[in-house]
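Colleague: What follows is each chain in one-letter form.
There are 2 protein chains.
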Amino acid sequence: MIEAARRHCESYYTRSVPADGQIVITGAEARHIARVMRRGVGSVMTVVDGIGTEYQVELTAVKADRVAGRVLSTRVDAREPGHRVAIAQAILKGDHMAQVCAQATELGVSRVTPFLCSRVVGRLSSPRLDRLRAVSLAALKSSTRTVLPVIDVPFEFDRLLRLSGEFDQVLLAYEDETRAGLGAVLNRDAGSVLVVVGPEGGFDPAEVDALKAAGAKSFSLGPRRLRAETAAIAAAAMTLGLLGDLG
Amino acid sequence: MIEAARRHCESYYTRSVPADGQIVITGAEARHIARVMRRGVGSVMTVVDGIGTEYQVELTAVKADRVAGRVLSTRVDAREPGHRVAIAQAILKGDHMAQVCAQATELGVSRVTPFLCSRVVGRLSSPRLDRLRAVSLAALKSSTRTVLPVIDVPFEFDRLLRLSGEFDQVLLAYEDETRAGLGAVLNRDAGSVLVVVGPEGGFDPAEVDALKAAGAKSFSLGPRRLRAETAAIAAAAMTLGLLGDLG
Chain A
35 MIEAARRHCE SYYTRSVPAD GQIVITGAEA RHIARVMRRG VGSVMTVVDG
85 IGTEYQVELT AVKADRVAGR VLSTRVDARE PGHRVAIAQA ILKGDHMAQV
135 CAQATELGVS RVTPFLCSRV VGRLSSPRLD RLRAVSLAAL KSSTRTVLPV
185 IDVPFEFDRL LRLSGEFDQV LLAYEDETRA GLGAVLNRDA GSVLVVVGPE
235 GGFDPAEVDA LKAAGAKSFS LGPRRLRAET AAIAAAAMTL GLLGDLG
Chain B
35 MIEAARRHCE SYYTRSVPAD GQIVITGAEA RHIARVMRRG VGSVMTVVDG
85 IGTEYQVELT AVKADRVAGR VLSTRVDARE PGHRVAIAQA ILKGDHMAQV
135 CAQATELGVS RVTPFLCSRV VGRLSSPRLD RLRAVSLAAL KSSTRTVLPV
185 IDVPFEFDRL LRLSGEFDQV LLAYEDETRA GLGAVLNRDA GSVLVVVGPE
235 GGFDPAEVDA LKAAGAKSFS LGPRRLRAET AAIAAAAMTL GLLGDLG
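Protein chains in written order, with the numbering used here: chain A, 35 to 281; chain B, 35 to 281.
Keep in mind that the hints were calculated from the coordinates and are not lab data.
Some hints could be false.
In this list, chains with the same sequence are indistinguishable; a pair is considered to hold if it fits within one copy or across any two.
[Said to hold, decoys possible] List of simulated lysine-lysine pairs, BS3-like, C-alpha gap at most 30 Å: (1) Lys127 <-> Lys251; (2) Lys251 <-> Lys175; (3) Lys97 <-> Lys127; (4) Lys251 <-> Lys97; (5) Lys246 <-> Lys97; (6) Lys175 <-> Lys127; (7) Lys127 <-> Lys246; (8) Lys97 <-> Lys175.
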């Protein structure tokens, strides 16, 4: 299993598509193959395109800025969940957004949408967003996923309300909801679910009303007070689990 | 809600029991009340004993090394889960044990048992164990729990096997289990569940056999490879959720 883990960790990412049975890897991924892993011509490795395709590739040319290989086999959507489960997470301070993006990617979440609302105190600068995407890519590789979750640019709250229409069900983790747990409100027939989690200080009641008016169903995660990142990961795991996508 | 959050965060911990209607707080907690929060005589605050009792207390004496107060009211087991869900986690490197202890405490886990097995590479020194307990105490306060989870000294693997007997059901997160998810194996009538999660490199097959012989049921968390800390928190959330203790 340690061997298996090592193999798993050594998958590479490329956005390029094969042409004439050859695939090309550039940038940091190429440098890693050539300089860190010191792979040579003839090496066989796993390459994923982040949109569901996984290739077994035999290297035919290795330079630090460009690695090329012959595609031996192709597999689509391996190990991906059958449902689209997305998290809309109010922007959090510190490294908590990175934790949400990493763990959500591992679990099989399809998309993380950072958003602004009245009690958000952090900001998501462009370098921070780049870091979230890098963290998600690293989690894709360690988890052996083949689809890279979309990490959105921060949404204004109004845009979050409109996003609701893209999902079969929208669930709102709400600390003042005391009646229904996630299991009671989740529609098991939904093909796509958006889970909305607020900022550290909670939602403004007017925002909760707006989300509910846009179709969101609120649910409780129990009487204890969860940190936002714990709520996001717990809700994502429970949703994927109840839909049959986590075991 | 921001006000509520602020109040929630300001609860204090004492192991002392009231005598003649007075309760005493010492050590770091007393310093925090006197020096950081600058609470004075007459202030009212929440004090928890970590074994299920929550007191409303009116301060009668405030010194940096000793704070005393009159107990106004007493409440038992508020906001605590109805089931004992514990995590046995093979010792992890870096700060991952702290993450497991913090998030497990928030979610309502009753106990975290770090253990040794053949592929454990980290060590849990006494200062590191102290830190895990401090992290868990901080999470107790932020989550408004009243029971402080037990964070055990590291168990040898043989002792982990004997621990199984203290729980109605023992579940083993096992990456080579492909048939049954957590929802399929969890006994909904169990009053206590121990969830066992291996180290970064996975269990040795002989350890899996030994755990199964001791009564553990293995379950899958899906075809993706989860980091151990993500597996622990996902499994804890799913178990508490399915038992009705998370909303």
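Colleague: Find the hints from earlier in the document that the structure breaks and name them by number, from lowest to highest.
Modeller: 3, 4 and 5
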